[in-house]
Amino acid sequence: MREKKILILEDEIIVALDLQELLETEKYNTVVAHNFLEGNKQLKTFKPHLLICDINLGSDKNGIEFAKAAKLEYPQLEIIYVTAFTNHHFIEEAQETDPFNFIVKPWNDEQIKVSINIAFKYIEEKNIQHSILKELSLSEYKILDLIAKQKKSKEIAEMLFISEKTVRNHRYNIIKKLNLPNDNNSLLKWAITHLNK
202 MREKKILILE DEIIVALDLQ ELLETEKYNT VVAHNFLEGN KQLKTFKPHL LICDINLGSD
262 KNGIEFAKAA KLEYPQLEII YVTAFTNHHF IEEAQETDPF NFIVKPWNDE QIKVSINIAF
322 KYIEEKNIQH SILKELSLSE YKILDLIAKQ KKSKEIAEML FISEKTVRNH RYNIIKKLNL
382 PNDNNSLLKW AITHLNK
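The opening position of the sequence shown corresponds to residue 202 in this note's numbering, with each subsequent residue numbered one higher.
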């Protein structure tokens with residue numbers, strides 16, 4: 202990933218500018234929005250990989266509502282909440298958006314840098330996995346998905362109305378495409394690790 206794009210959604214201008222300055226010195230490409238509507242506009246034009254989002258936006262719609270809408274349109278978007286809100290209700294609601302992290306204000310520079318660095322490592326890994334999975338045929342993907350659910354070749358054959366030999370051939374092809382050692386456990390481990398998320 203050459204360009205690492207971050208949308209900062211923060212209603213407090215000074216906090217937003219501090220975050221932006223910190224991230225730009227770390228060579229991230231950032232854009233700031235101060236409210237829900239501005240954030241929506243930036244989301245569509247900027248197309249960020251990561252959203253740093255405050256929960257309280259000082260308006261009728263909060264950052265969690267923004268994150269929910271953003272994830273519907275851009276499911277690959279990762280979210281880090283940076284907020285003073287520690288209310289149990291808000292934390293539970295925020296968890297529905299499957300955030301990468303939750304940082305409580307006042308934050309320090311190292312916390313932000315480490316969290317974002319780890320988030321981008323995760324995003325890059327996800328992108329690599331996605332491109333690998335695109336190499337598989339639909340039948341291979343179905344079989345890999347069933348392997349991740351710990352189904353045996355015989356069960357897979359019965360479920361997909363194909364022979365066990367065909368399942369074994371697909372397994373062999375998947376192992377080659379994923380560049381794994383040629384044994385059943387390596388494919389099972391890979392499938393469980395990468396598909397059961």
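Each hint should be verified, as a subset may be incorrect.
Unchecked claim - Capping the alpha-carbon separation at 35 Å, the derived lysine-lysine pairs in DSBU-like fashion look like this:
1) K269 with K390
2) K205 with K242
3) K248 with K269
4) K322 with K206
5) K322 with K205
6) K327 with K343
7) K327 with K355
8) K206 with K327
9) K377 with K355
10) K269 with K228
11) K343 with K245
12) K335 with K377
Keep in mind the hints are simulated off the structure, nothing from the lab.
Hint-by-hint comparison with the structure:
| no. | hint | in the structure |
| --- | --- | --- |
| 1 | K269 with K390 | holds, 32 Å |
| 2 | K205 with K242 | holds, 19 Å |
| 3 | K248 with K269 | holds, 16 Å |
| 4 | K322 with K206 | holds, 13 Å |
| 5 | K322 with K205 | holds, 11 Å |
| 6 | K327 with K343 | holds, 19 Å |
| 7 | K327 with K355 | holds, 30 Å |
| 8 | K206 with K327 | holds, 16 Å |
| 9 | K377 with K355 | holds, 21 Å |
| 10 | K269 with K228 | holds, 28 Å |
| 11 | K343 with K245 | holds, 33 Å |
| 12 | K335 with K377 | holds, 14 Å |
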